[in-house]
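Input sequences plus hints: build the corresponding full structure.
There are 2 protein chains.
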Amino acid sequence: MQELPKFSDIEAAAKRISGEAVVTPLLENAKLNALVGGRIFMKAECLQRTGSFKFRGAWNCISKLDPARSKGGVVAYSTGNHAQGVAAAAQLRGMAALIVMPEDTPEIKSANTKSYGAEIVTYDRATEDRAEIANHYVAKRGAVLVPPFEHADIIAGQGTCGLEIINELYGRNVELDDMLVNCGGGGLTAGVALAFSQKSPKTKVHSVEPEGFDDYARSLRSGIREKNARAAGSICDALLTPQPGEMTFAMNKGRLAEGYVVSEAEVRRAVRFAFETLKLVVEPGGAAGLAAVLIGKVAAKGKNIGIILSGGNVDPKLFVEILMEA
Amino acid sequence: MQELPKFSDIEAAAKRISGEAVVTPLLENAKLNALVGGRIFMKAECLQRTGSFKFRGAWNCISKLDPARSKGGVVAYSTGNHAQGVAAAAQLRGMAALIVMPEDTPEIKSANTKSYGAEIVTYDRATEDRAEIANHYVAKRGAVLVPPFEHADIIAGQGTCGLEIINELYGRNVELDDMLVNCGGGGLTAGVALAFSQKSPKTKVHSVEPEGFDDYARSLRSGIREKNARAAGSICDALLTPQPGEMTFAMNKGRLAEGYVVSEAEVRRAVRFAFETLKLVVEPGGAAGLAAVLIGKVAAKGKNIGIILSGGNVDPKLFVEILMEA
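Taken in order, these protein sequences are the chains called Z and U. The first sequence: position 242 = 242 (the working numbering), numbered continuously. The second sequence: position 64 = 64 (the working numbering), numbered continuously.
Source of the hints: derived by calculation from the structure; they are not laboratory data.
To spell it out: a stretch of chain U is covered by chain Z in this simulated footprint if at least three of its residues, at any positions, have a beta carbon under 8 Å from a beta carbon of chain Z; those stretches are:
(1) 46-55
(2) 279-293
(3) 316-325
Quick reminder that beta carbons are idealized off the backbone N, C-alpha and C, glycines included.
See below:
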């Protein structure tokens with residue numbers, strides 16, 4: 001296992017991404033606050049460059065590479081948001097990018113990844129090992145692998161999202177009671193939990209996952225890295241990883257409070273609420289924390305709760321389907 | 001004609017709305033900037049309380065009323081966004097609100113207006129006079145009329161949107177070449193143009209209107225208040241007023257540069273672009289300025305251009321229809 005990132009790595013990452021990543025707004029909505037009886041602070045990472053928080057880690061990692069020494073470019077495997085982050089970061093650095101993506105990746109995610117000049121290789125989520133395919137290309141091309149979460153620079157980069165939340169709230173004289181983080185492999189969660197453990201230790205940080213993919217919630221209870229029974233089959237395509245990362249779990253184990261789990265119907269309702277009331281386009285995986293708040297999974301009455309609207313890359317077809325259900 | 005608002009009225013309004021209105025983010029998007037070859041600064045008023053800039057003026061006006069002396073409450077006529085702003089402001093002040101709305105108001109706008117506790121009276125846009133109906137209720141109830149744009153407090157309130165843009169850009173060391181304002185009766189335009197004339201006089205301020213409702217563009221050319229041939233029949237329901245307001249035109253006449261006009265197809269494309277790329281829900285009338293930028297109506301190459309995404313209250317059905325066209 002690589003060395004785990006420290007808080008100072010998040011501070012260094014914040015300097016590195018400054019000017020390239022968007023300092024996304026931390027929004028409150030009067031209707032939502034009235035509905036739950038507390039204050040909900042929403043970090044709108046759907047407004048981040050490439051439409052999700054993933055650009056933070058990708059740029060923090062790739063901007064450190066020397067293009068002259070990494071002529072083989074970068075290789076990544078991703079369900080779609082990391083792919084876009086890596087592709088955009090590589091393009092900014094003038095480096096080639098090859099991305100290994102599942103065949104069932106939302107159309108908008110593969111189209112956007114291509115729009116940043118990346119090459120795409122697809123695989124079958126159920127039968128093939130994406131890390132193996134990626135490593136094959138790394139060896140063949142002399143490329144650098146940019147993993148989606150098991151990397152100190154990636155985790156530190158995602159941690160800048162948490163640091164921005166804390167700094168912004170410090171200016172507003174607010175301390176969060178709970179911080180909810182949409183959780184796949186646990187990179188964003190690990191970075192955010194590290195930032196809060198240092199700067200806002202009273203805040204309880206929770207992972208939020210979709211039903212059937214609650215490996216983190218179960219692992220936090222059992223103390224070991226549990227696996228999911230399925231590899232695919234949720235609209236939360238951004239949150240489907242087989243099990244917690246080794247590094248991210250080592251970081252999160254002692255820092256996270258209870259993990260929350262939300263159903264597909266609850267996520268759909270949250271996506272619709274974001275459209276109708278927040279006026280934001282949030283993808284299903286990006287709306288898990290909002291869903292947890294809307295259904296009262298976390299008691300919000302009289303409290304300050306943070307959530308991350310972690311991405312907005314949703315296919316128009318699925319979005320339309322969700323809007324029509326109302 | 002009432003006395004026209006001065007710049008100091010905008011500064012006073014900014015203090016008054018502080019803590020109630022959202023200081024909405026001024027966003028840039030890397031893809032949009034690359035597309036047009038300039039920097040586009042987008043004031044996201046769709047993220048404002050009640051989903052449009054209209055809460056600014058409504059709160060600036062209504063918070064000055066004494067509820068004990070205005071027992072008849074407030075009355076307003078509105079195509080929908082002003083209605084929501086007035087209803088929410090009245091509710092916050094514990095005052096009754098009656099809103100006169102056209103029969104063809106989008107469902108989401110009337111539902112939201114009711115959700116703030118307002119009473120709604122409908123009229124036929126083509127055959128009835130909304131001001132007359134509103135004045136009937138004002139007299140009957142001893143209520144205070146809150147007009148959509150012909151009022152110094154309303155114009156000054158909307159002007160805070162311009163002041164926030166200028167202050168934010170001052171902090172980023174940017175001066176705008178052009179500022180595009182979606183224009184109906186001209187209240188937002190007048191407030192924003194007043195703010196820029198005082199604090200950023202080199203910036204050219206332009207109105208943007210939908211085809212068939214270009215009364216402001218024609219009035220600016222002829223020097224007198226021109227009328228539209230039609231009263232209804234555009235998806236930009238927020239921008240359909242019969243002619244420029246007397247006060248707003250007196251303010252805008254000497255301050256505005258050329259007015260821009262965009263087609264319905266161009267507006268639809270802009271709404272779709274906002275969904276796909278910006279991850280924001282923008283209503284057709286709120287996307288006119290974005291449409292003007294996307295089609296190159298204003299030369300953006302190497303320039304700094306400001307636009308206002310002035311509202312996000314769009315019916316799911318219309319939004320779905322627009323997304324499906326792609």
